[in-house]
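Sequences listed follow chains F and H, in order. Be aware that the first sequence starts at 269, since it is given in the numbering used here, and climbs by one per residue. Be aware that the second sequence starts at 269, since it is given in the numbering used here, and climbs by one per residue.
Take the hints with a grain of salt, since some may be wrong.
Identical copies go unnamed one by one, so any copy, or any two together, can satisfy a pair.
Only pairs whose alpha carbons sit at most 25 Å apart, straight line, appear in this in silico DSS-like list of lysine-lysine [to be verified]:
id, residue 1, residue 2
1, Lys-561, Lys-357
2, Lys-306, Lys-345
3, Lys-645, Lys-411
4, Lys-378, Lys-514
5, Lys-281, Lys-721
6, Lys-324, Lys-296
7, Lys-301, Lys-379
8, Lys-700, Lys-658
9, Lys-700, Lys-528
10, Lys-369, Lys-561
11, Lys-460, Lys-378
12, Lys-514, Lys-379
13, Lys-301, Lys-561
14, Lys-378, Lys-506
15, Lys-561, Lys-527
Hints were generated in silico from the structure; no laboratory data involved.
Protein chains: 2
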Amino acid sequence: MIPYKTILSINRKTNQPIYIQLTNQFIKLIKQKTLPSKTRLPGSRVLAEQLGVHRKTIVACYEDLTIQGWTLSIPQKGTYVNGNIPELKQTKLSDTTEKNKKTTAGFRFKKEVILTRNFPDQTHDQDIYINDGISDPRLTPIKEIATLYRNICGKRAALDQISYGTTYGNLELRETLVSYLNETRGLNISTKNIMITRGSQMGMFLAAQLLFEKDESIIIGETNYSSSDTTFEFSGAKTLRIPVDKHGLVTDKIEALCKKHNVKALYTTSHHHHPTTVTLSAERRMHLLNLSKTYNFAIIEDDYDYDFHYENAPILPLASHDIHSNVIYVGSICKTVAPVYRVGYLIASEDFVDECAKLRRFIDRQGDALLEATFAKFIKQGALDRHIKKTIRTYKARKEYFCALLKRELAAYLTFEIPTGGMALWVQLCKKYSWENVSAIAKTQNVIFSELKRYDPQNIGHNSIRIGFAAYDFAEMDELVSRLKTTFTIIENTKTLSK
Amino acid sequence: MIPYKTILSINRKTNQPIYIQLTNQFIKLIKQKTLPSKTRLPGSRVLAEQLGVHRKTIVACYEDLTIQGWTLSIPQKGTYVNGNIPELKQTKLSDTTEKNKKTTAGFRFKKEVILTRNFPDQTHDQDIYINDGISDPRLTPIKEIATLYRNICGKRAALDQISYGTTYGNLELRETLVSYLNETRGLNISTKNIMITRGSQMGMFLAAQLLFEKDESIIIGETNYSSSDTTFEFSGAKTLRIPVDKHGLVTDKIEALCKKHNVKALYTTSHHHHPTTVTLSAERRMHLLNLSKTYNFAIIEDDYDYDFHYENAPILPLASHDIHSNVIYVGSICKTVAPVYRVGYLIASEDFVDECAKLRRFIDRQGDALLEATFAKFIKQGALDRHIKKTIRTYKARKEYFCALLKRELAAYLTFEIPTGGMALWVQLCKKYSWENVSAIAKTQNVIFSELKRYDPQNIGHNSIRIGFAAYDFAEMDELVSRLKTTFTIIENTKTLSK
Numbered sequence: 269m270i271p272y273k274t275i276l277s278i279n280r281k282t283n284q285p286i287y288i289q290l291t292n293q294f295i296k297l298i299k300q301k302t303l304p305s306k307t308r309l310p311g312s313r314v315l316a317e318q319l320g321v322h323r324k325t326i327v328a329c330y331e332d333l334t335i336q337g338w339t340l341s342i343p344q345k346g347t348y349v350n351g352n353i354p355e356l357k358q359t360k361l362s363d364t365t366e367k368n369k370k371t372t373a374g375f376r377f378k379k380e381v382i383l384t385r386n387f388p389d390q391t392h393d394q395d396i397y398i399n400d401g402i403s404d405p406r407l408t409p410i411k412e413i414a415t416l417y418r419n420i421c422g423k424r425a426a427l428d429q430i431s432y433g434t435t436y437g438n439l440e441l442r443e444t445l446v447s448y449l450n451e452t453r454g455l456n457i458s459t460k461n462i463m464i465t466r467g468s469q470m471g472m473f474l475a476a477q478l479l480f481e482k483d484e485s486i487i488i489g490e491t492n493y494s495s496s497d498t499t500f501e502f503s504g505a506k507t508l509r510i511p512v513d514k515h516g517l518v519t520d521k522i523e524a525l526c527k528k529h530n531v532k533a534l535y536t537t538s539h540h541h542h543p544t545t546v547t548l549s550a551e552r553r554m555h556l557l558n559l560s561k562t563y564n565f566a567i568i569e570d571d572y573d574y575d576f577h578y579e580n581a582p583i584l585p586l587a588s589h590d591i592h593s594n595v596i597y598v599g600s601i602c603k604t605v606a607p608v609y610r611v612g613y614l615i616a617s618e619d620f621v622d623e624c625a626k627l628r629r630f631i632d633r634q635g636d637a638l639l640e641a642t643f644a645k646f647i648k649q650g651a652l653d654r655h656i657k658k659t660i661r662t663y664k665a666r667k668e669y670f671c672a673l674l675k676r677e678l679a680a681y682l683t684f685e686i687p688t689g690g691m692a693l694w695v696q697l698c699k700k701y702s703w704e705n706v707s708a709i710a711k712t713q714n715v716i717f718s719e720l721k722r723y724d725p726q727n728i729g730h731n732s733i734r735i736g737f738a739a740y741d742f743a744e745m746d747e748l749v750s751r752l753k754t755t756f757t758i759i760e761n762t763k764t765l766s767k
Numbered sequence: 269m270i271p272y273k274t275i276l277s278i279n280r281k282t283n284q285p286i287y288i289q290l291t292n293q294f295i296k297l298i299k300q301k302t303l304p305s306k307t308r309l310p311g312s313r314v315l316a317e318q319l320g321v322h323r324k325t326i327v328a329c330y331e332d333l334t335i336q337g338w339t340l341s342i343p344q345k346g347t348y349v350n351g352n353i354p355e356l357k358q359t360k361l362s363d364t365t366e367k368n369k370k371t372t373a374g375f376r377f378k379k380e381v382i383l384t385r386n387f388p389d390q391t392h393d394q395d396i397y398i399n400d401g402i403s404d405p406r407l408t409p410i411k412e413i414a415t416l417y418r419n420i421c422g423k424r425a426a427l428d429q430i431s432y433g434t435t436y437g438n439l440e441l442r443e444t445l446v447s448y449l450n451e452t453r454g455l456n457i458s459t460k461n462i463m464i465t466r467g468s469q470m471g472m473f474l475a476a477q478l479l480f481e482k483d484e485s486i487i488i489g490e491t492n493y494s495s496s497d498t499t500f501e502f503s504g505a506k507t508l509r510i511p512v513d514k515h516g517l518v519t520d521k522i523e524a525l526c527k528k529h530n531v532k533a534l535y536t537t538s539h540h541h542h543p544t545t546v547t548l549s550a551e552r553r554m555h556l557l558n559l560s561k562t563y564n565f566a567i568i569e570d571d572y573d574y575d576f577h578y579e580n581a582p583i584l585p586l587a588s589h590d591i592h593s594n595v596i597y598v599g600s601i602c603k604t605v606a607p608v609y610r611v612g613y614l615i616a617s618e619d620f621v622d623e624c625a626k627l628r629r630f631i632d633r634q635g636d637a638l639l640e641a642t643f644a645k646f647i648k649q650g651a652l653d654r655h656i657k658k659t660i661r662t663y664k665a666r667k668e669y670f671c672a673l674l675k676r677e678l679a680a681y682l683t684f685e686i687p688t689g690g691m692a693l694w695v696q697l698c699k700k701y702s703w704e705n706v707s708a709i710a711k712t713q714n715v716i717f718s719e720l721k722r723y724d725p726q727n728i729g730h731n732s733i734r735i736g737f738a739a740y741d742f743a744e745m746d747e748l749v750s751r752l753k754t755t756f757t758i759i760e761n762t763k764t765l766s767k
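Based on the provided sequences and hints, a complete structural model is requested.
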């Protein structure tokens with residue numbers, strides 16, 4: 269006789285009905301062959317008494333087992349374990365000693381060479397992380413946005429936004445962005461040219477997936493924003509690199525590549541080249557646009573930090589000059605407000621936008637229409653403009669402070685150009701040092717660099733990295749630079765000692 | 269002399285500084301060659317007077333033009349249009365008569381055979397739309413969720429959630445879901461086996477992108493959830509179809525396909541097969557799991573409507589029996605609460621989850637950690653359980669009402685099995701009618717069917733479609749069925765007349 273009272277357990281503290289608990293335990297026992305094929309289960313009255321539950325509970329459990337096919341109910345005879353259940357193949361039962369072993373898939377999948385970004389959990393309060401140019405979360409009007417969101421959700425009209433809907437994004441936000449971008453970026457678009465994305469990254473991903481077939485190419489700068497490299501490589505594109513100098517991409521190198529390869533697109537962060545922060549000159553802008561028309565390639569213009577310019581007027585994007593629809597313009601609000609708000613846009617000719625909107629259906633179905641409506645209001649009420657003005661003032665002051673500090677304290681070790689905008693410096697190390705070494709020693713001073721490789725993926729020897737300044741206040745900059753100075757002193761001393 | 273006063277305009281009502289307005293207009297004039305190469309711009313004092321602005325405004329504008337490379341500033345001489353700006357190729361200037369023409373791309377891109385879903389803007393209040401099983405937005409606790417969100421955003425800890433972070437999703441939600449799913453679905457997973465997605469669809473997309481190389485296959489049911497078909501086809505997979513009967517996928521047909529093709533995966537909605545609503549039997553569940561081990565293929569289990577069961581206990585997913593990590597389990601909260609909340613999960617072996625999390629970095633960078641934290645609280649506070657209990661009661665009553673109504677009013681035209689769960693019926697039309705015809709006539713009665721093709725993509729002649737019942741209240745059902753009855757009467761009358 270099977271000791272059901274011992275092998276079945278009932279938890280009265282959970283929300284799960286008791287009959288479901290029992291059903292699931294019976295299934296486990298049947299699968300494990302603890303209850304072999306054709307075993308007769310005890311009568312419902314008997315089992316109910318043993319377990320101290322109502323008989324109806326056992327009846328419901330047996331009914332469910334039979335409906336699911338684990339048992340057969342034979343009238344006048346009782347409930348039997350189904351003899352046709354195949355035994356589950358088991359190589360090994362999970363073992364307590366193996367608990368910490370990484371579980372591995374029982375099937376094959378692509379392990380793409382996907383760049384792993386480490387965003388370490390900031391567990392050590394004393395650590396300072398070097399970022400490549402991010403906004404300061406402390407300046408984000410998070411409560412203001414949440415209150416707007418709450419207000420929108422309280423309105424009757426919100427109900428129209430919460431079911432399945434358009435993959436182009438909330439119409440109010442599209443309309444708002446069309447006016448906003450036409451005014452601020454000199455574009456000339458209508459709502460048919462725009463779809464809302466989850467930030468520039470999704471815009472890039474959609475475009476890449478629709479552009480490239482095998483053996484087709486994209487032109488990028490040397491070096492280039494490494495996440496975009498991966499996005500294009502994942503889509504199957506071959507990346508062709510052209511140099512970047514102080515006027516941006518060297519457009520003179522494009523024509524030869526177009527003649528030799530099947531070039532489908534070029535990627536540019538024309539406003540401030542990522543990572544080097546330079547701006548693409550007017551001459552090269554026009555040259556690039558003309559080449560795209562001659563060779564029918566797309567220009568993917570990623571305007572990730574348009575809003576951050578400190579000295580001059582912002583430079584109009586290539587998209588503002590595009591009269592032939594060669595430009596796919598991607599941008600985002602997240603970079604300006606905070607990365608958590610994944611709200612951005614893709615702007616292009618209507619036919620391309622339509623295709624992207626179709627594809628998006630199969631990626632994440634649709635955006636967050638409530639959050640999109642929130643940002644429509646945020647822009648319309650002038651809150652985005654106010655936020656940009658406020659942060660530009662702060663970031664400009666931080667840039668100046670940081671540049672002066674680096675010049676005063678670390679000029680012996682590194683050089684940089686003062687950027688006219690953006691949130692990062694492109695910092696060259698003097699030849700006798702390497703960032704790898706600096707990074708290793710800096711770690712002992714609780715300064716954490718991440719992924720230096722992304723700034724020189726081709727091992728060309730740029731010996732330069734981006735250092736974001738916007739997210740540090742003055743005191744944090746003082747502390748960072750002081751630790752870096754100690755780092756360099758340690759390196760110097762080690763060198764002297766080893767001589 | 270160029271009439272600058274006429275061709276330059278100043279708008280004092282916008283937020284855009286006047287010098288930027290002028291800079292952008294000068295750029296346009298230079299591009300259009302209205303200001304030809306080497307034109308000398310008027311002195312800043314002269315132009316300032318003509319336009320009625322401060323001289324400093326013109327100086328800032330000229331500085332910017334020069335920095336951007338549109339003009340050259342020659343000391344003691346003045347500012348000249350840069351002679352090296354290439355002329356922008358123009359095929360045709362935009363023309364008012366062409367304003368309504370669809371803009372087309374100047375580059376080539378894939379036009380995939382991507383299924384277009386029409387979610388028509390519900391502009392006609394009198395229209396009733398037939399859906400394939402969606403929840404009723406009116407039951408969504410939208411204000412409760414928004415208030416939770418607002419509270420979370422008001423806390424100091426929210427700052428840690430708003431910058432760039434992990435692509436696995438908010439840790440609190442992962443931990444909450446691990447307990448919740450282990451308890452409710454009989455899983456045995458840790459936080460290493462889960463990543464947060466934007467719903468089942470993103471889970472499917474990630475898996476598909478990582479599973480298939482050219483000429484590799486996926487097994488799906490005939491018929492199958494059409495969005496998943498497209499997702500797999502887009503990733504390059506070949507779809508192989510096996511029949512579906514009243515016990516679900518006919519697993520006996522799998523082995524032969526595995527021997528003949530390079531089968532990398534099988535897709536199943538085991539709980540309620542989409543579209544036919546049947547449940548995969550216990551016997552076939554075990555059979556399927558064993559086959560996946562023998563042939564090393566992945567089982568993508570999409571548990572889209574686990575929460576909606578009316579008669580019996582929910583059936584544990586295949587993932588609960590998976591001891592070899594062949595199952596990739598995708599699910600979502602959106603289906604249960606409302607589609608706008610794109611929060612779901614992908615559960616698999618650790619190595620596969622890690623790879624999906626890496627890929628996700630290049631799709632939308634990361635999720636909405638604030639919304640994810642909101643749902644962690646929503647689940648922990650028992651609000652999700654309460655919501656499910658409440659909606660199940662409502663949907664069960666609606667199912668019963670709708671089935672009785674259809675049987676009473678439309679039994680002469682259609683048949684269906686009463687489903688044990690889910691939000692839709694699988695409705696067969698009597699042979700002498702076709703859904704295409706019914707749909708066309710129904711439109712005259714303001715009943716809108718969409719995309720019938722997705723229920724029979726292979727033209728096999730199922731003559732069946734899904735009709736969702738959960739989103740209609742009793743009065744709406746009465747109205748819908750009355751209009752359908754009129755529709756069938758019209759069809760009958762037309763037939764009689766044409767005899």
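| request: Find the hints from earlier in the document that the structure breaks and name them by number, from lowest to highest. | output: 4, 5, 7, 8, 9 and 12
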